[in-house]
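Peer 1: Once you've looked at the hints, dock chain B against the given chain A.
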Amino acid sequence: MPLLEVRNLTKIFTIGNVFSRKKVIAVDNISFDVEESEIFTIAGESGCGKTTTAKIILGFEEATSGEIVYKGKRIDHIHHRERRELLKEMQAVFQNPFSTFNPLRKVDRYFYETLYNLGIADTKEKADEIIKEKLAAVGISFEEFVEKYPNEFSGGQLQRISIARALLTNPSILIADEPVSMVDASLRMSIVNLFKDLKDKYGVSVVYITHDLTTAYYISDRIAIMFRGSIVEIGPAEKVLMEPRHPYTQLLKESVPEPDPNRKWNTRINLSETEQSEYLRQGCKFSGRCPKAMEICKRESPPYFDVGGVKVKCFLYKD
Amino acid sequence: MMSVEVLRTENLKSYYILDIFGKKKVIKAVEDVSISIKENEIYGIAGESGCGKSTLLKAMFAAVEPPQRIIGGKVIYRDNGKEYDVYHISEEERKKFRWHFISYVPQGSMSVLNPVMKIKEIFKDFIETHTKGKTKEEIYEIAESHIRDLGLPSGILDAYPHQLSGGMRQRITIALATVLSPKVVIADEPTTALDVVTQRGVIQLLKDIQALKRNTIIIVTHDMGVHANMADRIAIMYAGRIIEEASTEEIFENPLHPYTRYLIYSIPKFGDKKKRESAPGAPPSLSNPPSGCSFHPRCPFAFEKCREEVPPLKEYKVGHKVACWRVEEGENATA
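Each protein sequence line maps, in turn, to chains A and B.
Taking the numbering used here, the leading residue of the first sequence gets 1150, the next gets one more, and so forth.
Taking the numbering used here, the leading residue of the second sequence gets 836, the next gets one more, and so forth.
Worth flagging that the hints you see were computed from the coordinates, not collected in a lab.
From a predicted model like this one, the values you see are computed outputs, not experimental measurements.
Certain hints may be false.
Said to hold, decoys possible - Interface residues of chain B toward chain A, partial, derived using beta-carbon atoms under 10 Å: (1) G1001; (2) L1029; (3) H1057; (4) K1108.
Stated by the list, open to error - Taking lysine-lysine and the PhoX-like style, the derived pairs with C-alpha atoms no more than 20 Å apart in a straight line are: (5) A:K1402 <-> B:K1108; (6) A:K1413 <-> B:K1104; (7) B:K1109 <-> A:K1388; (8) B:K1108 <-> A:K1388; (9) B:K967 <-> B:K931; (10) B:K1109 <-> A:K1348; (11) A:K1350 <-> B:K1108; (12) B:K1108 <-> A:K1348; (13) A:K1350 <-> B:K1110; (14) B:K873 <-> B:K909; (15) A:K1237 <-> A:K1275; (16) A:K1255 <-> A:K1281; (17) B:K1110 <-> A:K1348; (18) A:K1345 <-> B:K1104; (19) A:K1413 <-> B:K1042; (20) B:K930 <-> B:K967; (21) B:K953 <-> B:K971.
Glycine included, C-beta positions come from ideal geometry on N, C-alpha and C.
The shape of chain A in the complex, shown without the other chains (with noise of 0.2 Å):
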């Protein structure tokens, strides 16, 4: 039994006012599992609906229609009292590590907080003694972390205390969403390293949100492309990444800068002007800038098809 399942989520946000209104379907019928002990990868560019399933995975956003499925019990309606049940199993750790923390309240109150109000421990030495394990285990140090205010901390360590705080409660699943985007370039790998160790080491599983393509390879196990609310391939990241089917992820793996000088573009790519006309298109949502569009593309939305273990949202690839 995988450890969370997602089964057929849309989420339509209503924009405009009372006289004119539109709907932008943010998430448009999307499903995958996660197993135990695995980091799944949602990527995808600004938009595409990524962040939004984190939310309502969390249960900060309510899904329009589908189900969200946690160790084989449903956990999109449950009670508040049950969801802080839940927190103990389920963290998040966020993009920005200095908007996580209050920056007038010191960094160790939210451990405490944290420990004592989950019952997870009720004595002071007890918590302490939580909190250094934790600490250790994303490598800050007790004695630098006590007594001390958000802004003392550079924005690496920072979201290493935001991990070991989402850490306390031992969960099973952490959603990490873009994790490293704030981070500086010369820390981001120690960041990203250390949830391949929570992996290896505790078992837990992460579900890594990003736009870094190169990340999610490294750290990834299965991962699924989102494009303007639905997944357009999902499958091993082996094989979607060095061998992406699909015509978008094509793209976006190919506009990804590589570090090497030899290895510049040379081909050119056309934009989307504007991002609603998008959404609003009928048939693939693609298919405007889609160097290998037919016919069928404008009229009918594609089903999964499944070429050699991933399933690619394309009709490149019926039969």
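Peer 2: Just chain B, lined up with the frame of chain A:
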């Protein structure tokens, strides 16, 4: 090949001087920077946030506002064979250089467009302020032909900024900054907030402009992948100083400074799952930089001299400059 210099800095020092409740705080953002930028090249400046890149750009653009100050050194512009020391000419003269000779695309510049003005009005506003005696029709004509030259759809001139995507807005600000055909274009993190596909479009545009107008582009970003794709030469900045400078090929093939090595070797690549390590420790604070070489607390090779003396930026190979005592020692050992 010797090419003509267009802009140079000589021992440039620029600090932020803050007065917080009577306590003076000095942030040494740019320390002894001497770079020489040639005509018709793309010069990349790499470094992480808080290393002084943006401060250096502002000093080069001569747009220094308190608390930033120029403490020492010079910025020289070279226009039509004549040299101008930017901080020793009058404000009037300085204004003439701005946008005509040198232009600046600031960070997060897609939010600089006025939301209640059509794109063509923004162009009109901009051109009117900086050139004299042009009619409305002439200005629209200039804007339209410039937009067309850059391969952008001319329909966008009638759009409002909010109707366009972030990438298109970013390309419009770049078009705006280049409409007066400046010789030098400074772009501060032009692709940072953009998606990879859009980023590629913006880089494509910058390269097109360079090919079309044969001007100089100074691009600042922390993304080494972008530098590899664009720049002809790269300078690596760390804690306010340039620590390495060489041609792009040389930097990627033969990085000498330990910090540059970390920067390049820590980037994961497709098809290679080898373990990547970040540089240990954290970037130093510019208000209280470490003694000697500012990288020494994080450097695995640091020795006594690194803690005491600042290594000079020295040319060890033609066109390849490094500031590192270890390279100096190695050079002495082989000599």
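Peer 1: If you test the structure against every hint from before, which numbers come out violated?
Peer 2: Every hint satisfied by this model.
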